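Per our numbering, the sequence shown starts with residue 5, numbered consecutively.
Watch out, some of these pointers could steer you wrong.
To be verified - Here are the in silico distance ranges between beta carbons for each label pair:
(1) Glu117 - Gln211: 28 to 34 Å
(2) Lys118 - Glu78: 42 to 48 Å
(3) Val159 - Glu16: 42 to 48 Å
(4) Leu95 - Glu53: 57 to 63 Å
(5) Lys26 - Leu163: 50 to 56 Å
(6) Tyr119 - Gln211: 39 to 45 Å
(7) Tyr119 - Leu45: 38 to 44 Å
(8) Glu107 - Ala77: 27 to 33 Å
Said to hold, decoys possible - List time: in silico DSBU-like cross-link candidates among lysine-lysine, alpha-carbon distance up to 30 Å:
(9) Lys190 - Lys82
(10) Lys96 - Lys51
(11) Lys190 - Lys165
(12) Lys200 - Lys96
(13) Lys181 - Lys165
(14) Lys9 - Lys26
(15) Lys181 - Lys96
(16) Lys190 - Lys200
(17) Lys48 - Lys26
(18) Lys190 - Lys96
(19) Lys82 - Lys96
(20) Lys9 - Lys82
(21) Lys82 - Lys51
(22) Lys26 - Lys82
(23) Lys200 - Lys165
(24) Lys118 - Lys165
In case anyone wonders, no lab produced these hints; they're calculated from the structure.
Small disclaimer: the values here were computed from a predicted structure and weren't measured.
Here a beta-carbon is modelled for each residue, glycine too, at the ideal position from N, C-alpha and C.
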Amino acid sequence: MQQIKYFCTIVEEGSFTEAAEKCFISQSAISQQIQSLEKELGVKLIKRENRRFSLTHAGEYMYRHGTALLLEAERICKEVQRIGRDDELILKIAYPKHYSSIELNNAIALFSEKYPEVSISVITGTHEEIYDLLRSDDIDIAINDQRRAFSDEFVNFELGKARCYAEVCLRNDLSQKESVTVDDLKNMPCILITSKEQQKSEREFYQQVLGFGGNFIYAQTLDEGQLMVAGNRGFMPVERIGTFWNINPAAKRLPLL
């Protein structure tokens, strides 16, 4: 590769002397490198005529493709260095377990198309789990509902206002209503999607902040919660920002006023 670089520099400078100066070697050394390249290839690349030279047909071919080869080699070396420094570019995103809108899927698809060199790692969790991941620097982006004042330690963006819904089984009498209130739901178990470790904090938030009464039952995933709704075991609070992605065919989502 170094010999090809010397050869292309000679062609571009039109002079062995100027090429040697540009490559920081002596004129005799650069001449020896070209002779060595020609010997290895078994063909002449340069026809020397006193102080002038011209390219053979093989030399013209070498120059056309050698310049492209050098550019590709430079790109590969830079990428190898980047990988060695950064190991791999990974963007780590966390979002709530109960989130079911399509906008995040579209955003990730667009980002991956624009930055194919970046791997995206996505995890789900409860509000507190996501907040802990952010504080411990285990994620780069937290998409979350706001339950506390914004911290200056992070860059904060308000993406939108969430509308709250109650997902109820179609066999439940409440499914005939156009909307429901917290009072309408007080005799039904509230299904929360949360880990076992976060059940207490999630329950306290829905009780103390949102005013939900009655009993609470728990699901580990959105799919599990929707199956519990389909079995008419209770209602599931759902926040909507954007377009609903995962709609339960056995249930109805009623605006919670």
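Here is what the structure says about each hint:
| no. | hint | verdict |
| --- | --- | --- |
| 1 | Glu117 - Gln211: 28 to 34 Å | violated (43 Å) |
| 2 | Lys118 - Glu78: 42 to 48 Å | violated (23 Å) |
| 3 | Val159 - Glu16: 42 to 48 Å | holds (47 Å) |
| 4 | Leu95 - Glu53: 57 to 63 Å | holds (59 Å) |
| 5 | Lys26 - Leu163: 50 to 56 Å | holds (53 Å) |
| 6 | Tyr119 - Gln211: 39 to 45 Å | holds (42 Å) |
| 7 | Tyr119 - Leu45: 38 to 44 Å | holds (40 Å) |
| 8 | Glu107 - Ala77: 27 to 33 Å | violated (42 Å) |
| 9 | Lys190 - Lys82 | violated (62 Å) |
| 10 | Lys96 - Lys51 | violated (58 Å) |
| 11 | Lys190 - Lys165 | holds (25 Å) |
| 12 | Lys200 - Lys96 | holds (24 Å) |
| 13 | Lys181 - Lys165 | holds (24 Å) |
| 14 | Lys9 - Lys26 | holds (11 Å) |
| 15 | Lys181 - Lys96 | violated (41 Å) |
| 16 | Lys190 - Lys200 | holds (23 Å) |
| 17 | Lys48 - Lys26 | holds (23 Å) |
| 18 | Lys190 - Lys96 | violated (38 Å) |
| 19 | Lys82 - Lys96 | holds (24 Å) |
| 20 | Lys9 - Lys82 | holds (17 Å) |
| 21 | Lys82 - Lys51 | violated (35 Å) |
| 22 | Lys26 - Lys82 | holds (22 Å) |
| 23 | Lys200 - Lys165 | holds (28 Å) |
| 24 | Lys118 - Lys165 | holds (28 Å) |
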